[in-house]
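**Student:** What follows is the residue order along each chain.
6 protein chains.
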Amino acid sequence: MASKKSVPQKKSTLSIGAAVPHLPWQERPKGCADILWRYDSNPVITAGNVKNADAISNSAAIAYKGGFVGVFRVDDNTRLFSLHTGWSKDGLSWKIEQTPIKFKVGKNQPPVVKGYDPRVCKIGDRYYVSWCNDFHGPTIGIAWTKDFKTYTFIENAFVPFNRNGVLFPRKINGRYMMLNRPSDPGQTAFGDIFLSQSKDLVFWGEHKFVMGRRRGWEKIKIGPGPVPIETKEGWLLIYHGVFDSCNGFNYVMGAALLDLNEPWKVKYRSRRYLLAPKAPYELAGRVPNVVFPVAAIVDAATDRLAVYYGASDSVVGVAFGHVGEIIQWLKEQKDLD
Amino acid sequence: MASKKSVPQKKSTLSIGAAVPHLPWQERPKGCADILWRYDSNPVITAGNVKNADAISNSAAIAYKGGFVGVFRVDDNTRLFSLHTGWSKDGLSWKIEQTPIKFKVGKNQPPVVKGYDPRVCKIGDRYYVSWCNDFHGPTIGIAWTKDFKTYTFIENAFVPFNRNGVLFPRKINGRYMMLNRPSDPGQTAFGDIFLSQSKDLVFWGEHKFVMGRRRGWEKIKIGPGPVPIETKEGWLLIYHGVFDSCNGFNYVMGAALLDLNEPWKVKYRSRRYLLAPKAPYELAGRVPNVVFPVAAIVDAATDRLAVYYGASDSVVGVAFGHVGEIIQWLKEQKDLD
Amino acid sequence: MASKKSVPQKKSTLSIGAAVPHLPWQERPKGCADILWRYDSNPVITAGNVKNADAISNSAAIAYKGGFVGVFRVDDNTRLFSLHTGWSKDGLSWKIEQTPIKFKVGKNQPPVVKGYDPRVCKIGDRYYVSWCNDFHGPTIGIAWTKDFKTYTFIENAFVPFNRNGVLFPRKINGRYMMLNRPSDPGQTAFGDIFLSQSKDLVFWGEHKFVMGRRRGWEKIKIGPGPVPIETKEGWLLIYHGVFDSCNGFNYVMGAALLDLNEPWKVKYRSRRYLLAPKAPYELAGRVPNVVFPVAAIVDAATDRLAVYYGASDSVVGVAFGHVGEIIQWLKEQKDLD
Amino acid sequence: MASKKSVPQKKSTLSIGAAVPHLPWQERPKGCADILWRYDSNPVITAGNVKNADAISNSAAIAYKGGFVGVFRVDDNTRLFSLHTGWSKDGLSWKIEQTPIKFKVGKNQPPVVKGYDPRVCKIGDRYYVSWCNDFHGPTIGIAWTKDFKTYTFIENAFVPFNRNGVLFPRKINGRYMMLNRPSDPGQTAFGDIFLSQSKDLVFWGEHKFVMGRRRGWEKIKIGPGPVPIETKEGWLLIYHGVFDSCNGFNYVMGAALLDLNEPWKVKYRSRRYLLAPKAPYELAGRVPNVVFPVAAIVDAATDRLAVYYGASDSVVGVAFGHVGEIIQWLKEQKDLD
Amino acid sequence: MASKKSVPQKKSTLSIGAAVPHLPWQERPKGCADILWRYDSNPVITAGNVKNADAISNSAAIAYKGGFVGVFRVDDNTRLFSLHTGWSKDGLSWKIEQTPIKFKVGKNQPPVVKGYDPRVCKIGDRYYVSWCNDFHGPTIGIAWTKDFKTYTFIENAFVPFNRNGVLFPRKINGRYMMLNRPSDPGQTAFGDIFLSQSKDLVFWGEHKFVMGRRRGWEKIKIGPGPVPIETKEGWLLIYHGVFDSCNGFNYVMGAALLDLNEPWKVKYRSRRYLLAPKAPYELAGRVPNVVFPVAAIVDAATDRLAVYYGASDSVVGVAFGHVGEIIQWLKEQKDLD
Amino acid sequence: MASKKSVPQKKSTLSIGAAVPHLPWQERPKGCADILWRYDSNPVITAGNVKNADAISNSAAIAYKGGFVGVFRVDDNTRLFSLHTGWSKDGLSWKIEQTPIKFKVGKNQPPVVKGYDPRVCKIGDRYYVSWCNDFHGPTIGIAWTKDFKTYTFIENAFVPFNRNGVLFPRKINGRYMMLNRPSDPGQTAFGDIFLSQSKDLVFWGEHKFVMGRRRGWEKIKIGPGPVPIETKEGWLLIYHGVFDSCNGFNYVMGAALLDLNEPWKVKYRSRRYLLAPKAPYELAGRVPNVVFPVAAIVDAATDRLAVYYGASDSVVGVAFGHVGEIIQWLKEQKDLD
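Chains as they are written, first to last, in my numbering: chain A, 1 to 337; chain B, 1 to 337; chain C, 1 to 337; chain D, 1 to 337; chain E, 1 to 337; chain F, 1 to 337.
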């Protein structure tokens, strides 16, 4: 059971942005030294929320009008996927719409309806959805909405093959910026994080390399997770890294701090992982050994953080932490080789 | 605990065939909308039934003399496999013979003793076993018995490489017919369903293509499961489909309705899966994420259906359904893309 | 230039069958110790023979009405293939028809027109063509003709995946027999030779294993080549074997002697190869390092043999030998390990 | 020896653009029915042109100031590659600079010096070079020059992984357009052609799918070749297609006609190949069986065409044709399946 | 809860060596017929024992000064590994040092600190550690200690690529002997057991083949496990074998009896496995389906045996058995094929 | 035709060792700037030298009693290989023995007869042969002879998997030293050069890493070639490097200079290759695109060098150079990146 009582107002926080006092929250359990800790009633979302669903997993939630809204990856029992809008008052109990989002394209063209691994980013008064689209191969689709009822598609902004497109929540130096992970048409046994720039979200260029794979938990590939969190010290990026064994991939969560003005510059990066598959619903499921972070909601007034992540491509879990603690933890790892 | 009390006699059924009033059975649990539902005391068979066994999994049960008999895939603790006869009164509690079946070949030749994934099909007064034999590579072996004590092998009816040979329970147009799935010597990352014909079960030809892989849960390969169930509307085929991820294969169950007289013609086919690995004994085991349907027993008087399936190549589970409901569910999916 | 003058009539020959005095022929060059030697004006057939052809390679020639006829594998400049009839007086200079063979199927069904690697076998008064067809994957197609103008297809006699179907030129023990090499849908890095039996060329069964890969030039796979040559000592089979290196496959020619009445029994088999790629047109071309034997014409009166083989999947070459010498050479290798 | 005498001025041509009367040229040989025919003194450029070179292959030539200039792919004897400027009066005999091109990047940044497979496209008074760059993986680099002495790099216009960036020689609908072939970091066993748009050559978007692989000579992947040739009927695109065998890839040349105003629409496309490896310098070399078209020079006054292509990744060859004939040949294939 | 009460002193034992009366122990559960049975409070060691650890798995324990000491494989939360010393009184509850072992190399050279899968072997008064080192690829490192505080490295005794180096606990015929499993730099889908000899533990030669893969549970590869146990009948070797499925590898435990004086001669070998993954902590974890035996402690006075094994590359389990029973069980399998 | 006339005696040479005035030799052709140039009558050895041979390729020649002797890799027409002794007066025309070398093993054991890629090294009055043996997988075999008639095998000195064992021609610091390249059982897509040490050629240890792959012509793997050549400036090592393309491997020749006393230290190493496949017999053959250096004979009086190399795994070629020039050329590359 989630408790909201015990949230003290911290005097000084690092987070920049709105207060979200109704953020889902549980204090760190006693005896636990983890930087990020799981909600004790995980998973918060399962296939049961949508008729004919096989799984609801890698999904994006965001604060909206005093409650929460989200774009959810729903795999149905054909084992194909689409995106659905969902609504919640407390960020834990969700009502997900039974029919998929239809992204409006141009006149006389059919809407786009397929996709997976959505992110939602508010820029100005629009909410942008970026996800893995199928434009003759997996690549990033972008659309926007103001009301989470009508979504407008921006014509193929990326060529294949790309995944994990993650926008920054404001223009920087007059440009929209998007993290992304160039890939291939298959299961992609490689991958580094790049940053692309645009003046209009339609044409993209001046691409930058941000960071690449490293040994350990991120030796196969990495990809950006939630929309970066603006703090006084830089953009806090939670990302996933992949490790392999003779029995497949392990998806694990890590973090980095990017420069505020030149966010392709990495100030700190975690040698240690933030969270790795340990809970039963993370270890077993459609794709065993996966935690895949997709959204992060921050209460800037208190630095409290709730991370939404997909588990084993089957369900959604939530984990909690403090923005300031994570940044401190990143700094402590500076000299780790 | 299985209950047989609550089985009402339906006025009109679609199934053609014998009544099997002692069919193992449980009503659909309240609140469950699944077309096929699991027996609540699954798994019904585990390795403990046979000495030195490592696993008893993909196995075929059939009604026989007021009870049930079956041919079981037993992997022993050398991790090699053989087929064993088993007996049951209620179809749930089984006594499996400790020594493998020895299929008699010709004079002065050693019997065939190895194999896996058996099906049992009654045609006339003979019970035919078809299974994955090793004739210089995996292929389909066929043998017959009348008493489940003596089994006679039919000389190499198929060249390698083939698996999942499934006979129809009667001649059609004067010919025996067998579904099969051509494959390769390894783990076979492809596979479609064909139908072969014979006048004598010895020489086979006039092969037909029945159906191929499709996207979604059956994108890697498909293979026929239990002996097709004759109904007024066609042959109901339960089959398996395979989906892959970065962490291996998922084996899932689906269904199709084949034309009664030209059973290579597919009338309906499920876009949705019937059953996918969700239970702990399906998600973890020797081969995680496997449900593999092998036998179906129907009580034609009531349309009730019990499906025997291997789970995670480790144990045997049973699931229940109604033939008429499944056919209705297939029809409802007609327009799904 | 081929010379036919110097052909002495041998007193006693091993070959059984018709005299073919007009067999293309050149004596073994001086100083050459090879068992099989190349025609000095090879290649005898190139793409130039057919308009829009890219290559004419693995093809079958047979003596016919005082001259020769053949079924040719023509790859056109779309890089797809079909079979064409061709005619020759001397077996060296050929006129190949510009349009592909259309194999008649049943009523209201389109003819079969695609395929490759044909063999032609005379049984009684019919000429049977067997080739690699595409019936939802590569497998053996069979058709017959009497005049090489109209060809009638026998409905799918084999399920996928099979290649190199080679008929025996007469019934044995009342059964048609066909050598074949079960394979897979791709480029098949394995393969052994089997024999299948039929009473009517429609239904096939009682399959036998004939011989498998061995180390050396045949370590990856083997497949039957020309129609077996009947001799007093057994069926002489010329076959191909495949060796691999870091730079791909080498296709090489070898031979075996099969039992006359039970032709799945191997009496002798060559440890040494008969012919390997050495000539420039064998070493370079569309697929380098390939000699692929497809047809053998024997003059039974003199034991002379002409072998037609595809070279580098690009052209057709001819090589010559003496049946008796080859059998003697096989016997000499009996003790080679 | 190349002859320029026999070039009649055709009354009406399809080509749009400048006359290039000094185009290298040889008439089609007698008896040759090929649409494209090779220069009889091929290869025109070999490694001998540059000190320490291992190979000079996939290179771009263009008419310039009454002669020709080009950007050449030079692999040196470390087996790494760079681009070199080269000069020629007749387009056949070339003087290639000994030192690589250094593409100027921004202030205080080192120049870009590595790359391969360049194209050169004149738009207005600038010559744009597009090539396969290494920006944390293979992708398209773009630079421009006016004098082929100083080249200015446009900051990373594409994310990895992409190859074969080919610009159109003018803006269309106010936008620069570039064909490209998304790929992967390795040897890329897949690939289709896309078109990307830009208002400034810096930011790219509104990507379109142009055409994909098909069976036959282009079954593995395709990629655009020379800068498209503007004609009254559309943009003539010469492209490469790749076919595979057990012994590797064959690179082959084909053609398509694209819509003038919406060049992502394919009006005609060749079922047949234009040119496949047949000459010794195409069949053997560092990478056997490769013809790779990179540049096409057209004399619009006469419709004559000279295609520069890399052969076996070792040398440069030239082939000749008539633009009108090629378009006619494309139309004739309209009904080929 | 482990109980030590019920250990009867057997009159005659097969084991040669010291009594270890404080051996961790539980009697075989009632109704259990297994030769090796699990400790009922497994796992005995988890990641919680070391700060920042992700897993503690394949580790070696040995009796030492009335208690136990061990060398532990600790994977930290960077997902890199090192070896740590650990101490225990009862062999079940362990205190593991927080910092890794630093193996001293020569003067002015940095210590070796990385590695995994250690074994510990007492020879004379030294304790030798052998493990998988990284000397330009995985290979066997050897070091020695007397006090488990200071460890001295023996200069690169093996070239890459080798794993699972396991010393015999005394010289045989004047030579140190080490079992080992030549491998490759990756995940090694092959592997047989060899024996290497040395007069000084520095220079190695006169290598012998001991035993290779076989069908069944050991069809992919095998590798020696704990230090061989000396008995009156030979050296008892517990080893691992690997079986594969479409969903990855299964690591399983078996046993063999080696000749006392010529230990490359195999007297008996198990057709059946000793222990396969069945417990939840063996079926799911970082690498599902792994039991990996590393150490065996024997109480020679009673023939009791405790085996330490890594489970799912995540934790350490203990299993119990009787040396004499295992040898008897090996003999009973002599005629199994 | 080889000419020996024009060999001037150089005043000062770098080579240390015996004069070999009868060294096969041709001066560098006019206009040729290559550091190593081919004998103009290559190949010097072909399959024709041995009955039933398919190829004679990677072979080792050495000066002996005023002429030359060698150990030859002979692949016979079973496509298996063995080693044969050969004799020559001029090093160009060779008489190769018809029967393979039988390496004597211990009493009552069969001799070793298989192997490939031999090197021959004189140390003291013994000639050591090292080659790729098959001891349960490819590894290095060592034997010695004094008369090239009787060869004595040293018991399995290396565990699998290793290839290209190359001895130094004298002890260094009291130890025999051998270069080697750890590999795997297959075609080995990786490989670096190590150095192993021994006091007795039986037991080996204190292994050192010498050098690894680098980008360019040696990006896949490298391996030592001929026995290192002692010079005043260090050991001159000619080695092979492997480059890959979509059509397989290219084997190329390079060089390095190793420290005289600590030969695992690399003083200079070639960024450029010494010789790459360019001649027809190198580009086409059993394995296209291979030059594989195996032996080098130096006339220390004049610094002249003759290198014997296998070409396309089919024949033997010879190339010439000057030791001093090669070392100078290595130094010039010092600053090449």
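There could be a bad hint or two in this list.
As the list makes no split between identical chains, a pair holds if one copy fits it or if it spans any two.
Unchecked claim - Cross-link-like lysine to aspartate or glutamate pairs, in silico, EDC-like; alpha carbons within 20 Å at most: (1) K334 to D200; (2) K107 to E206; (3) K219 to E230; (4) K267 to D335; (5) K114 to E206; (6) K146 to E97.
Calculated directly from the structure, the hints in this document are not laboratory data.
**Student:** Indicate, hint by hint, whether the structure satisfies it.
**Tutor:** Verification of the hints:
In this assembly of identical chains, K334 and D200 lie within 20 Å of each other by CA distance neither inside one copy nor across copies; the values are 36 Å within and 41 Å between. Taking the shortest Cα distances, K107 and E206 sit within 20 Å of each other only across copies (15 Å), while inside one copy they are farther apart (31 Å). Within a single copy, K219 and E230 get their C-alpha atoms no closer than 27 Å, and across copies no closer than 42 Å, so neither meets the 20 Å cut-off. Taking identical chains as interchangeable, the C-alpha atoms of K267 and D335 lie at most 20 Å apart only when both belong to the same chain, with a minimum of 13 Å there against 33 Å between chains.
In this homomeric assembly, K114 and E206 come within 20 Å of each other (Cα to Cα) only across copies, at 19 Å, whereas the closest approach inside a single copy is 29 Å. For the identical chains of this complex, K146 and E97 are intra-copy neighbours only, at 17 Å inside a copy versus 56 Å across copies, given an alpha-carbon limit of 20 Å.
The structure is inconsistent with the numbered hints 1, 3, although it conforms to all the rest.
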